[in-house]
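In order, the protein sequence lines correspond to chains P and B.
Residue numbering for the first sequence follows our numbering, beginning at 1 and increasing consecutively.
Residue numbering for the second sequence follows our numbering, beginning at 1 and increasing consecutively.
It is worth saying that the hints were derived from the structure and are not from the lab.
Be aware that one or more of the hints could be misleading.
Chain copies aren't distinguished; within one or between two, either way the pair holds.
Pairs of lysine-lysine residues, derived as PhoX-like cross-links and limited to a Cα-Cα distance of at most 25 Å, are as follows [unchecked claim]:
(1) Lys349 x Lys104
(2) Lys332 x Lys104
(3) Lys231 x Lys31
(4) Lys108 x Lys58
2 protein chains.
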Amino acid sequence: MTSGFEPGQPIEEIDTPVLLVDLDKLTQNIKLMEQITNAGNIPYRPHTKTHKSSRIAKMQLAAGARGVCCATISEAEAMAANGITDIHITSEIAGAGKIARILKLAAKTRLSLVVDHPDLIASLDRASREVGIDLGVLIEVDVGQGRCGIQPGADAARLAAQITNSLHLKFRGLQGYHGKLQMTPGFADRELRVRQALDLLQRTAENVRREGLAIDVMTGGGSGSLMADIKLHGLNELQPGSYVFMDSEYRSIEWPGAAHVPFENSLSILATVISLPSNDRAIIDAGLKAASMDHGPPVPCNLPAATFTFGGDEHGQLLFADGRCPLKIGDKVTLLPSHCDTTANLYDKYIVVRGGEAHDVWRLDARGHD
Amino acid sequence: MTSGFEPGQPIEEIDTPVLLVDLDKLTQNIKLMEQITNAGNIPYRPHTKTHKSSRIAKMQLAAGARGVCCATISEAEAMAANGITDIHITSEIAGAGKIARILKLAAKTRLSLVVDHPDLIASLDRASREVGIDLGVLIEVDVGQGRCGIQPGADAARLAAQITNSLHLKFRGLQGYHGKLQMTPGFADRELRVRQALDLLQRTAENVRREGLAIDVMTGGGSGSLMADIKLHGLNELQPGSYVFMDSEYRSIEWPGAAHVPFENSLSILATVISLPSNDRAIIDAGLKAASMDHGPPVPCNLPAATFTFGGDEHGQLLFADGRCPLKIGDKVTLLPSHCDTTANLYDKYIVVRGGEAHDVWRLDARGHD
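Construct the complete structure from the given sequences, taking the supplied hints into account.
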């Protein structure tokens with residue numbers, strides 16, 4: 001495939017649809033997270049599911065992150081293949097084939113994963129005995145997300161005891177992540193919800209400690225909750241992901257002392273006008289295969305009169321209510337993703353830009369489900 | 001990346017989330033399209049945007065298709081790189097970089113594309129003169145879709161004249177595709193809407209012919225409209241795409257003499273149960289990055305009591321209203337995509353299955369936006 005990209009190429013000449021990463025904004029976001037967590041005196045382990053790029057993960061580690069989070073075994077394998085050695089997988093992993101891959105990876109990296117069910121612990125116990133490899137295990141607690149995770153309290157303590165009684169499973173601590181509160185618009189409301197979630201996690205930790213078991217890691221939090229997580233002292237490790245890119249919806253939430261999140265939108269979609277059917281409408285080459293819709297449509301940049309609507313798999317429509325579309329066929333437009341994680345997942349590469357020019361290409365080397 | 005796949009592997013042992021293609025159903029769908037178009041005495045040019053696989057495209061060509069349709073230049077390049085020589089690109093292509101790629105491809109394949117604006121024709125004219133390469137051009141007419149396409153009537157005739165006056169652009173005919181009517185539930189309603197669209201296309205063809213210009217190709221139609229397209233004789237080439245896979249929504253529309261479409265669901269998502277938080281809920285490892293949501297949630301197979309809801313980027317929830325979830329941790333479940341095109345686009349490979357076993361792996365070699 002021709003990539004249609006050359007270093008030094010002006011942005012307007014890059015073939016579309018394509019993802020652009022603004023290198024200066026990305027670098028600034030990574031630096032700011034380091035400053036915030038330093039000031040808060042808390043280690044962080046950024047989530048790579050947002051960007052699926054070992055290159056960006058290494059920038060985060062170079063800035064001071066203690067390791068990375070992954071959502072899948074294939075992401076973890078890609079990170080390890082690129083020299084990253086401290087990995088926590090934040091989703092339960094089940095099935096004999098995947099557990100075998102977990103153990104293979106644990107043999108060469110500092111790896112941990114989460115469990116929330118006795119049957120899963122039993123499977124991991126059996127498989128780790130067969131190969132004689134130790135595995136770091138955290139218990140996921142449902143602190144309000146209502147998805148995976150054991151209920152807070154005594155059940156978690158029983159799981160911790162089961163892990164401790166397993167020959168090769170090493171109990172490391174608790175994970176409590178509540179994704180649904182991350183985008184609570186007002187900070188006071190968000191802090192209240194974070195406090196409720198952390199209380200559930202703390203209560204569970206007390207149950208575990210009453211069994212005489214030590215808890216090393218209390219991990220959770222995200223780019224939205226982190227200022228409340230830091231203030232309330234319930235965790236000793238943060239898992240922010242979205243801050244590297246920020247997306248149009250996330251960025252609008254209130255921040256302590258500021259109207260919105262201080263991280264910049266560093267990711268955008270570049271598209272081309274391919275049709276001008278009327279004065280109030282431009283058709284661009286970015287549709288459902290170029291921008292995710294699970295958090296709504298992407299937001300056009302520098303076109304205040306325009307709204308975006310999906311026009312099919314390969315088409316987007318820019319509607320100009322004033323009937324004065326200023327665009328010509330072949331013009332480039334940029335859009336801010338409404339949700340970076342699911343949008344980035346549609347692409348194989350980032351074009352890294354700086355000063356209006358293409359600077360580099362980074363593969364999403366942890367993309368795909370292999 | 002470890003692929004977690006071996007030929008002969010039972011489906012239950014394949015790592016997930018992954019796309020399965022049922023080879024027998026796929027073959028049957030391809031054969032049935034050949035029978036239908038033979039009986040209707042009309043050539044067809046299947047749309048590869050559905051599957052993005054040169055392997056499947058070659059099966060369609062071997063069954064009798066006259067060539068393929070692509071939605072993007074990168075799809076067309078991938079098809080050409082795999083020996084496919086007759087390609088029509090159904091979306092307008094703009095921008096100097098992409099036009100250069102079009103001409104490069106036109107030098108070695110029988111290639112056509114669509115236009116709907118004088119400026120685009122002027123750009124193609126200039127670029128094709130510079131390199132001295134002929135390019136097949138069709139005019140896209142808006143027959144009701146309300147997306148790209150010139151309005152039916154005299155404007156199209158002016159575009160045809162402009163093409164004819166260009167040195168290297170060869171006017172081939174008209175394209176009229178109306179995606180919005182494809183899934184009209186009742187056949188009589190669908191036929192009425194197809195008739196209205198075809199009338200607009202025919203009227204436009206008359207405008208063009210009055211200018212003394214011959215029309216070779218009248219192309220359009222889809223998997224939903226094709227029986228009406230055949231009955232009404234408005235086209236001389238069909239562009240069906242979805243029939244190879246069928247999706248849960250598409251399949252439910254009425255067919256002449258049958259309650260639903262005769263093509264089988266040959267594509268499914270295989271997922272694994274990773275958490276069982278309660279008796280009425282199972283969490284699987286297929287979320288927004290494994291199943292598209294633009295046509296609603298995917299449909300669980302062989303679990304009549306279950307409904308699927310998205311549980312985030314990597315999680316899906318199966319809800320059992322009867323409180324009797326029959327699944328265990330590690331169990332495999334299959335889901336029918338609600339929209340095959342956007343779901344397939346999330347993956348890099350198909351696992352081809354037959355008789356409950358993995359049979360082969362086919363790459364989506366035309367996926368990505370390069």
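How the hints compare with the structure:
1. Only between protomers do Lys349 and Lys104 lie at most 25 Å apart by alpha-carbon distance; the minimum there is 23 Å, versus 28 Å within a single protomer.
2. Only between protomers do Lys332 and Lys104 lie at most 25 Å apart by alpha-carbon distance; the minimum there is 22 Å, versus 46 Å within a single protomer.
3. Taking the shortest Cα distances, Lys231 and Lys31 sit within 25 Å of each other inside one copy (20 Å), while across copies they are farther apart (65 Å).
4. Taking identical chains as interchangeable, the C-alpha atoms of Lys108 and Lys58 lie at most 25 Å apart only when both belong to the same chain, with a minimum of 18 Å there against 43 Å between chains.
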